[in-house]
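Asks: Protein sequences appear in the order of chains A and B. The opening position of the first sequence corresponds to residue 4 in this note's numbering, with each subsequent residue numbered one higher. The opening position of the second sequence corresponds to residue 113 in this note's numbering, with each subsequent residue numbered one higher.
Among the clues, some could well be false.
Stated by the list, open to error - 27 Å max Cα-Cα, derived DSSO-like pairs, lysine-lysine:
id: 1; chain 1: B; residue 1: Lys573; chain 2: A; residue 2: Lys45
id: 2; chain 1: A; residue 1: Lys10; chain 2: B; residue 2: Lys573
id: 3; chain 1: B; residue 1: Lys172; chain 2: B; residue 2: Lys162
id: 4; chain 1: B; residue 1: Lys162; chain 2: A; residue 2: Lys193
None of these hints come from the bench; they were simulated from the model. Owing to the predicted nature of the structure, the values given are computational and were not obtained by experimental measurement.
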Amino acid sequence: MAEQTAKRPVSVPLMADLAARGESPEILFWVGCAGAFDDRYKRVTRAFVRILEHVGVNYAVLGMEESCTGDPAKRAGNEFLFQMQAMTNIATLDGYGIKKVVTACPHCFNTIKNEYPALGGEYEVIHHSTFLQQLINEGKVTAQGGESFKGRRITFHDSCYLGRSNNIYEAPRAVLEVLDADLLEMKRCKTNGLCCGAGGAQMFKDAEPGNKEVNIERTEEALATLDGDAEVLTNLRGVESGAPALPAGSDRGGSVIAVACPFCMTMMADGVKNKDRENNVQVFDLAELIASAEGLNA
Amino acid sequence: MHFSIQNILFLLVALAGFGLFAWQASRIRANVLVGRDRDVSGNVNERLWKTLLVAFGQQKMFKRLTPALLHLIVYVGFIVINIEVIEIMVDGLFGTHRFLQFAGPAYSALTGTNEVLGALVVGAVTAFWWRRNVGVVRRFTGVEMRAWPKLDANVILYVEVVLMAALFLMNTADLKAHQLQNLPMPGAFPISQFLTGLLPDSVATLEVLERVGWWAHIVGILLFLNYLPSSKHFHIILAFPNVYFSRLIPQGQFSNVDSITHEVKAMMDPSYPVPAPATNADGSLATPTPFGAKDVDDLAWTNLLNAYSCTECGRCTSVCPANITGKLLSPRKIIMDTRDRMEEKYNAPLIFDPALYGQAAKHDPQEQLDKENHTLLRGYVTPEELWACTTCNACVEACPVNINPLDSILEMRRFLVLEESAAPNSLNVMFSNIENNGAPWAFSPSDRFNWADELFVADKKKLEVRS
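Just chain A, same shape as in the assembly:
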């Protein structure tokens, strides 16, 4: 078998360096603030870069030239700040002649894809779930040679800004399918998916008074789905039809809540911690699952 030492260092290409050499990348990887600063999501960024490196995609990042897309400011009502951020970023992207942007953050994705064009920024914007699906379809990623997820239970939590906002429901599921795991749908999924509680700038403030945190409500549903806990599932709010048939909760170990958004990641991970289930349920981003199944971690 292979040795652990078979690894190579990655020097992530900066857009400024490529431009200085007169080169242009095939894709610009938009890292996003969470991907750059949040310790947990930095691991997703690194996993995604490993996949890019492994496949040999010609990519670049903006590095320190990247700035917040303005999404949280806009959703909080601060249109002025949003447009300042948007126009600064558009100037940066246009300055480098960027045509295609890939990002692991649905909020960045939605903002650049849908809200930048009216301000003059027109790019092909792809979320990493769609990008990974393309790599899988092209046979460039096979999810072989690394950690096996065969038979493990995985449930995918839809991000609002990927799902309802942009109708991307199938790509993340197609990515998960390649893992040959036991995929379970939550009752509130796809168009009826329940928010993690962090959208609309909620990530940056305390919740209003209520009787529960949204991420706890969602985590309970995810855990009940993984565990096959029918009692919790029949009492869910916001659904009227009966619960789907569920497998009995025999092997609860090593289950995964899969996410495709940095805010969902934080909220679901906090929820699992709150429910004291960190020992047997983990929260992973799609890119992490693929990188690890492909055996790219080093």
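Once you have looked at the hints, place chain B on chain A.
Replies: Coordinates of chain B only, in the frame set by chain A:
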């Protein structure tokens, strides 16, 4: 044809009924048009297709099967039975009796279908009543479901039963009178044929009862028509234009404020030509429109049309993550508040007047407000409700008639932030972080690329060679 005083009376009643409705409709149209302009031109085919699917086809109702099937019965019943209303109108005006009978077997099919649908409607309405008053589906409760909305919902159900009862009385009496006189009765009456035993055996009485049923049905319809503008039942008309004018762009795309775009562009490029500010007819400067919405006239007219199209079903609220977890926010309340405020500030409909109805129709004011601040924002919708929204679009997705509560919520948030600087403190911190660090958190921009330090990737090609 037996032309009589009845026909003149009918003409007057019909004119009064339709005239009054036209007057009410024009007042509501004026209310909707106080809203800000929103361009909904173009994409006619796409809009018509969406109207066909969502409004005519009830596509989004079928997210929940039981109420969808019950509603479908009442909806189809409404449409098909209204064909008979055309007959009633013609009979009433020209003194004919069941003038559509010339259609022969087709007429039998029509009357037969009507009777079956009428019976099904009574069944569906009973089920609706049970869901609302006995089995109580959770979404029919909530702070905004005060006395008037609750009464309104039941009134609609009672009226529908009365209308169906009038139809059956008319048919049964007519059928029995014909049977007693051994006259051929045009049409087919699969339900009424079993009800003849309930009526007396006198032809004269039966003829009176037939008239009672006939008049009750048509007068009931005209009264109901004039009740609509005061009721959530207005959706039977406004659902169609509301769906037609609903957004075509992705749900995640929020509108840009054009005046801010000009300002920001001028800041970034001093040579940018900012359009001249709007002027009044006499050349004086017009009062600038505020950023966002404080009151109903600051919302777009489509938001106001939303409010009149709402049938208060509560699907939006039942899927709202904030509401599910006990926060004050209820998207349905935002929409119902908008309608109440419009009717308080501008034209009220005939029957329901928020002022006449008193406090029971209103929501508890969270704070004592002077007249100037008794607006949609604060007078009805509190900042606490607005700040609980996660902008997840679940309410927008859930609405069977494409109402967009999120649009109104965002406009009011904009007013709070841009006009009043009244965001929660933590959000102000987030704003200043973005301004100063280019990130919503207080990290140094120079650390933005640190994630790439000491990054390694397994070299699988090398691995394969070695293994």
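Asks: All hints, please: hold or fail.
Replies: Here is what the structure says about each hint:
1. B:Lys573 / A:Lys45: Distance ~26 Å between Lys573 (chain B) and Lys45 (chain A) Cα, so the pair holds.
2. A:Lys10 / B:Lys573: OK: Lys10 (chain A) and Lys573 (chain B) at ~10 Å, within 27 Å.
3. B:Lys172 / B:Lys162: Distance ~11 Å between Lys172 (chain B) and Lys162 (chain B) Cα, so the pair holds.
4. B:Lys162 / A:Lys193: holds, 20 Å
Violated hints are absent here; each numbered hint is respected by the structure.
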